[in-house]
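Chains as they are written, first to last, in the numbering used here: chain A, 1 to 482; chain B, 1 to 96.
Derived by calculation from the structure, the hints in this document are not laboratory data.
Source: prediction; values computed, not measured.
Keep in mind that the hints are not guaranteed to be accurate.
Said to hold, decoys possible - Below, simulated DMTMM-like cross-link-like pairs (lysine to aspartate or glutamate); rule was C-alpha separation at most 25 Å, straight line:
1. K9(A) with E220(A)
2. K62(A) with E52(A)
3. K258(A) with D86(B)
4. K16(B) with D328(A)
5. K330(A) with E33(B)
6. K373(A) with E33(B)
7. K10(B) with D346(A)
8. K16(B) with E347(A)
9. K9(B) with D346(A)
10. K330(A) with E39(B)
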Amino acid sequence: MTLHTKKLKELKELISKNEINSTELTKHFLDRIEKYSDINAFNHIDQEQTLEQTKNFIKDKKLSGIPVAIKDLVLTKGMKTTACSKILENFIPPYNATAMTNIYNEGGINLGKTNMDEFAMGSSTEYSHFGKTKNPWDLERVPGGSSGGSAAAVAARVATVAIGSDTGGSIRQPASFCGVVGIKPTYGRISRYGVVAYASSLDQLGVFGSSVEDTAYFLEVLSGKDAKDSTSVNKEVPNFSEIIKQGDIKGLRVGVPKEYFIDGLDLEVKESVQNALKKLESLGAEIVEISLPHTEYALATYYIIAPAEASSNLSRYDGIKYGYRAKDTKNLEDLYSRSRSEAFGDEVKRRIIIGSFVLSSGYYDAYYIKAQKVRSLIAKDFTDAFKDKCDVIACPTSPTTAFKAGQKTNDPMTMYLNDVFTIPLNLAGLPGLSVPCGFDSKGLPIGIQILGNAWDEGTILKTAYQLEQSLNLDLTPNLIKG
Amino acid sequence: MNFTDENTKKLLILAKLSANTQEVKALTSSCNEIFSYMEKLNELDVSSVKPMQHVHGSSNIYREDTPIKSMNTDLGLQNAPNKAGDYISVPLIIEE
Numbered sequence: 001m002t003l004h005t006k007k008l009k010e011l012k013e014l015i016s017k018n019e020i021n022s023t024e025l026t027k028h029f030l031d032r033i034e035k036y037s038d039i040n041a042f043n044h045i046d047q048e049q050t051l052e053q054t055k056n057f058i059k060d061k062k063l064s065g066i067p068v069a070i071k072d073l074v075l076t077k078g079m080k081t082t083a084c085s086k087i088l089e090n091f092i093p094p095y096n097a098t099a100m101t102n103i104y105n106e107g108g109i110n111l112g113k114t115n116m117d118e119f120a121m122g123s124s125t126e127y128s129h130f131g132k133t134k135n136p137w138d139l140e141r142v143p144g145g146s147s148g149g150s151a152a153a154v155a156a157r158v159a160t161v162a163i164g165s166d167t168g169g170s171i172r173q174p175a176s177f178c179g180v181v182g183i184k185p186t187y188g189r190i191s192r193y194g195v196v197a198y199a200s201s202l203d204q205l206g207v208f209g210s211s212v213e214d215t216a217y218f219l220e221v222l223s224g225k226d227a228k229d230s231t232s233v234n235k236e237v238p239n240f241s242e243i244i245k246q247g248d249i250k251g252l253r254v255g256v257p258k259e260y261f262i263d264g265l266d267l268e269v270k271e272s273v274q275n276a277l278k279k280l281e282s283l284g285a286e287i288v289e290i291s292l293p294h295t296e297y298a299l300a301t302y303y304i305i306a307p308a309e310a311s312s313n314l315s316r317y318d319g320i321k322y323g324y325r326a327k328d329t330k331n332l333e334d335l336y337s338r339s340r341s342e343a344f345g346d347e348v349k350r351r352i353i354i355g356s357f358v359l360s361s362g363y364y365d366a367y368y369i370k371a372q373k374v375r376s377l378i379a380k381d382f383t384d385a386f387k388d389k390c391d392v393i394a395c396p397t398s399p400t401t402a403f404k405a406g407q408k409t410n411d412p413m414t415m416y417l418n419d420v421f422t423i424p425l426n427l428a429g430l431p432g433l434s435v436p437c438g439f440d441s442k443g444l445p446i447g448i449q450i451l452g453n454a455w456d457e458g459t460i461l462k463t464a465y466q467l468e469q470s471l472n473l474d475l476t477p478n479l480i481k482g
Numbered sequence: 001m002n003f004t005d006e007n008t009k010k011l012l013i014l015a016k017l018s019a020n021t022q023e024v025k026a027l028t029s030s031c032n033e034i035f036s037y038m039e040k041l042n043e044l045d046v047s048s049v050k051p052m053q054h055v056h057g058s059s060n061i062y063r064e065d066t067p068i069k070s071m072n073t074d075l076g077l078q079n080a081p082n083k084a085g086d087y088i089s090v091p092l093i094i095e096e
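Please construct the entire structure, taking both the sequences and the accompanying hints into account.
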């Protein structure tokens with residue numbers, strides 16, 4: 001039985017009818033993780049703990065007995081959570097993140113922790129303390145990042161669904177590179193309690209699936225207000241996996257921002273996205289050109305705000321209470337400084353320095369406050385567009401398909417430019433997803449991004465579902481065929 | 001702006017980090033490129049724009065002040081790199 005190609009609801013049905021038990025199902029995925037270990041999608045697996053969970057889970061719930069992959073910045077009680085940093089390499093959380101509690105309350109099984117850029121700072125999953133993750137479509141190439149492990153796991157069908165996090169595109173860009181579906185919901189839709197913080201005003205958990213339906217279904221499990229996270233919002237959680245199948249998209253106004261079709265956009269990506277737009281039009285949607293005039297300022301804004309918040313968030317890693325502590329230190333100052341310097345990677349240090357600078361006296365107004373003002377303008381662009389011009393926005397997810405490993409690690413600015421199409425949405429706190437829309441001439445997947453108004457994940461998922469059904473692409477990498 | 005090695009060294013101290021000469025030069029060089037890119041924001045006149053406080057405009061969020069059970073000491077200390085009894089152990093702060 002090819003269990004790894006089944007949808008979540010099919011697996012649920014098999015388990016509820018006792019045609020397979022959770023232990024067999026979970027072992028099937030653990031065996032596949034082992035078989036495709038070259039991809040390095042997971043940085044921590046504890047077979048014994050995972051299989052123990054399969055003997056005692058909550059029955060007759062949405063995920064009863066089904067294993068799911070967890071990005072290694074979601075705290076999992078009793079199972080290592082490292083954010084793929086040396087500073088947390090032996091950290092065993094004393095409590096669960098609310099997202100994890102929600103999974104357990106719905107009967108889910110923790111399959112293991114997926115690889116990521118250290119503290120989610122990166123766009124290629126090459127900045128992990130546990131080695132880089134490879135793209136299942138071409139092992140020479142990166143899976144995108146920072147949630148590259150989760151995206152690669154779903155692409156290689158070593159997990160049915162996976163949790164990711166998206167601060168500036170860290171779900172949508174790897175989804176695009178790996179030929180899977182990935183959604184970042186509205187800021188506040190999923191609790192951040194127990195999620196290792198990078199930039200708190202931008203961080204948002206989300207999910208990956210090999211289909212829109214699985215993605216929508218898993219999103220339902222994670223969503224909801226949490227008293228432990230004051231930034232989570234009390235909004236009703238719609239039945240996303242049912243909404244996507246209701247009605248059609250006739251008359252839906254799809255805004256296409258001209259600022260996203262710029263120099264630097266790969267021609268094959270452009271063509272594939274334009275074909276997808278034509279497909280949406282053939283399904284009854286109305287394509288309208290719109291303008292998001294401050295798009296070109298988003299990247300500079302992000303690289304002020306995100307490092308500023310990171311420099312503050314990462315000050316907690318001091319070598320005292322938990323995490324790595326340097327040996328033979330002379331005094332307390334030496335302990336702080338050496339513990340942090342020996343255990344943080346270069347990219348993390350760079351962002352701490354940038355963040356410390358833009359928050360420092362004399363530069364705070366010129367950089368940080370200015371960036372927060374531009375952020376207001378970027379958010380207003382979206383508000384204006386959704387007010388009377390369009391219902392959803394469609395654009396490329398990334399300017400290129402997956403690039404080769406090592407190609408951009410020596411040039412931070414080139415790496416940052418990867419996120420030019422995903423960052424504006426985080427600054428505005430809105431929901432967005434990436435769904436596969438074609439392939440380039442090298443056979444690498446291309447994703448189209450569909451963005452929505454606040455709390456309107458239902459409409460973007462429905463649009464993506466219609467497109468997915470209509471395109472009917474074969475999204476199985478050659479590596480796992482046969 | 002011209003971001004110098006002196007800027008980097010000062011920020012390393014503020015951020016409780018240390019770096020050798022080569023690392024300082026590498027940080028200065030990449031930061032210079034990044035800060036040059038940020039100057040793009042100077043093209044905009046934002047004098048009348050309010051800075052973003054929260055994407056949904058939320059301010060204070062209140063909840064009932066209900067007592068709940070807190071984490072026990074053993075669990076709270078399980079990740080401490082060095083401990084003595086029920087305490088985290090650190091190097092001496094005040095000279096003997």
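Determine which of the earlier numbered hints do not hold for this structure and return their numbers in increasing order. 3, 5, 10
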